[in-house]
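Enquirer: With the hints as your guide, set chains B and F onto chain S.
Chains as they are written, first to last, in the working numbering: chain S, 1 to 135; chain B, 1 to 666; chain F, 1 to 138.
It should be emphasised that the hints constitute simulated quantities derived from the structure, not laboratory data. Because the structure is a prediction, the values reported are computed rather than measured. Treat the hints with care, as some may be off.
Think about it this way: if two alpha-carbon atoms lie no more than 25 Å apart in a straight line, the pair counts; the simulated SDA-like pairs of lysine to any residue are [what the hints assert, rightly or not]: (1) F:K89 with B:E240; (2) F:K6 with B:Q350; (3) F:K4 with B:E240.
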Amino acid sequence: MSYLGYLIGLLSLLWAILPLFKKDSTWISLIMDMDELEDRKTRVYGNIADLEFDFAMGRLSESDFNPIRQSFLQEAGRVMQQLEDQKSDALIDQIEQDVKDLGKKKKSKKHKCPECGKSNLPDARFCMKCGKELS
Amino acid sequence: MADLGNILLFFLFPVSVFTALAALAAGITKRRGLLEAARRGAYAAFGVTTLAVLALEYLLVTSDFSIEYVASNTNYALPMFYKIVALWAGHNGSLLLWTWIVTIFIAIVAYQNRRKNNDLMPYVLLMMAVTMVFFSVLSIFISNPFDTLYQDMGNQLQEFAVPDGRGLNPLLQHPAMVIHPPVLFIGYVGSVVPFAFAIAALITGKLGAGWIHTTRRWALTTWGFLAAGIVLGGKWAYVELGWGGYWAWDPVENASLLPWLTATAYLHSVMIQERKGMLKVWNMTLVIATYLLSIFGTFLTRSGIVSSVHAFSNSGLGPAFSVFLILSTLFSIALLLYRRKDLKPDEELQSLVSRESGFLFNNLLFLLATIAVLWGTLFPVISEIFTGDQITVGPPWFNNIMIPIGLALLLLTGVGPLLAWRHTSVETLKRSFGWPILGSFILVLVLIGFGIRDGWSLGSFAISFFVMWTIVVEFVKGARIRGRNSGENFLKAVYMLSRKNTRRYGGYIIHAAMVVMFIGFTGNAFNSETRAEVDEGDFFELGPYKFTATSIQHAQNENYSSEYLELEMTRNGKFVAQLKPEKRYYFASEQPSTEVDIYSTLREDIYAVLSGMSNDGERVIVQVYRNPFVRMVWIGTFLLVFGTLFAMLPNLRETKSASPSNGGIV
Amino acid sequence: MKNKMKFVIGSVVIVLAVIVLAVQGLQEDATMSYSKSVSEVQLLGNRAKSLSLKVNGQLKKGSIIRNNLDLDFIITEGESELQIHYIGKDPIPDTFNNEMDAEVVVSGRLADNGVFNAERIQAKCASKYEADYSSAAN
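Isolated chain S, as found in the complex (with noise of 0.2 Å):
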């Protein structure tokens, strides 16, 4: 009986510590201000689906809805805006990322058919001058 205990326990550990010898790759860390954004955003609407509701219900005077409504529709806007710069930007470098990848790819990597020698792109699958498939 004990045997089988000790069997259990060895595999379960064995099975946790299997992950470490495989090929192994860095996730990246989203970026900082972008859920800090993304944050006022989601408490902006919050803010002005409370202020409506609390108007329907009664609980705010009409003079005072309507400025402090303004206000939130103002902040909303800032933030789309920044948001859709934010965006813009990680664009901007991920296609300046992916330009340089390319190149660095292109000169690195001689993708050139086993088969008949011609040279293609990084990512085809298939050679352009005789059909066989790429590794």
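Expert: Quick look at chains B and F alone, frame taken from chain S:
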């Protein structure tokens, strides 16, 4: 089987340590493989612990009395059901249950987040794994449930088995006791998840609302389980301990209340952070405090530092717990200080009469309640340090503080939700509160007319009425507005309205539940009791009721023998109920046990206890309590659990907007 | 800033109110009791009579005398003994009877005649329950 269980449980230690190390390494290097390894460690910990629990269950069910735990907590004649639940009847077994729940939760968290929160997860797993390491050390090395019985044979120890076990403590042979510990433990352990995410956010500096969103359901579940666990403990004390009450400010009861108080404060204050970006440090503090108080509660129950009817014997865990508690506290405080600059509020408080200010006062009151209960619970320890005398403060001290705080909080329950964010004008206040306040005043006058003079009770009834009114108005008004726009009938509108914002309306349901419970608590002010020594045919009275002892009986089965009294309860000569208070004697444990009988209605409980025999054995001493509104406490709890579940439902999304103007919101 | 001040003032009032409640509660005699063992009570001498006490000791076997609704018994600690008279209303705990070895905590006051008037009796059973098996087995 004991060997198997023991070895499997032993493997929890290396697996937990590995998980912690892999998680830490994953956090530093951001390598996927390490994170995957930590995740698998979590699953493996769950696997081995589950098998160990099954092994212990096997030993309990098959009555292997060579195991100390089995011999101490079960016997052959014990019904199968109680053999199974004896897993958490004793100290060692219930500690294993605690540990098991930790492993279940870490496995769930690992699985839920297998494709998201990559930045937080390493530290989340790290914090949970550290908790797991701590409890595995306790379970394996200090309080191992697989320990065998040893006999001293000259100069060597020899294993032996006893012919029959001691049986389960009769006090624990009750359905409420069966579900109380697991429910409470889930509540306690659940606090580790928001804690782990909060700490992970502090370590990584990702202090946005991400960790709050991820842990919202966890925090709510924990809170609901804690509440249900606390009340179940009270229910158990009420029906099993036979002193006619359900709460006595006992240290162990207090210990379970403490994390509930901070968790409640958190559930409210987190809404300010979501809407206003304020109170970031404070929310972190509450989450951390809830976790530490949960550990502290477990510590209090098991260390023997304060004496209590609920406590386990001094189990030698005190020092280990103290060290763990102190280290976790220092670590958390250091992290908070390190990140204090990043936790600045985004906005400032704008008006005293606003929703956010209502939440702030709510939090202040919860904080004070927590400090008061903690202070009172630890007063014997504190006073011994400073005066050398161990001084206990009794229930009157707690009531003196907690009744005003409780009523103030109840009042806020009614006021807070009706205040608008940012600012509420006096005009709208008058509109919202005019009628309910007038209604409460009339109620107070009526109650005074009925002869109720106790100020606190009048206040409590008035506030309860006021709060209930405002909550009902919330539903009715909301449904009317919705109905106008969508054309739905009233009931459909109520349903749709609540389903579209489950968090808000679940919250209202929970508030209503608290009102119902407070009515039950207030009933305590009107308790009455009587005691009589009776022979067959004798009678006595309590309030409008007349009790006649019809017969004194004896019965026996293989588990226990019993004496019981048949008591006929009449009102104005009309039969109301037959009560059967009983005294049992359990053979295996050689313990007597009092079984109370309760005639329960919405209005009041009639609670009969057979408290003993006269010296000559001819007559019996019977005690009858008349406790108004006790049932409200249990009903309120059901409502509270329902509200909690409701708040966890995802919001219903309508495919097309019910109305173009504001139908999407109301 | 003005609003912040208002909130701070409100909070201070609440905090002070709670502190007042806590301190006032402590001065009320009935809420505080001193935990002592039987021998410590005897060491206290006359001071013992002025305090509300929680005394713990071992129930002396066979010392329980019931007379109608009255209940008298003796608790011991080593050589010291204390005569207890139960004046409380609640039913006494299950573990409390002449056959059992029970550890008892009584709450009440010491009367002038040296008898302890107990308002509450707690018998420690659930906890003791588990402890003595291992000691028997050791």
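Enquirer: Confirm or reject each hint.
Expert: Hint check:
For a cut-off of 25 Å, the pair hint linking F:K89 to B:E240 stands: about 17 Å separates their Cα positions. The hinted pair formed by F:K6 and B:Q350 meets the criterion: a straight-line CA distance of about 11 Å does not exceed 25 Å. Taking the CA atoms of F:K4 and B:E240, the gap is near 50 Å; set against the 25 Å cutoff, the hint is violated.
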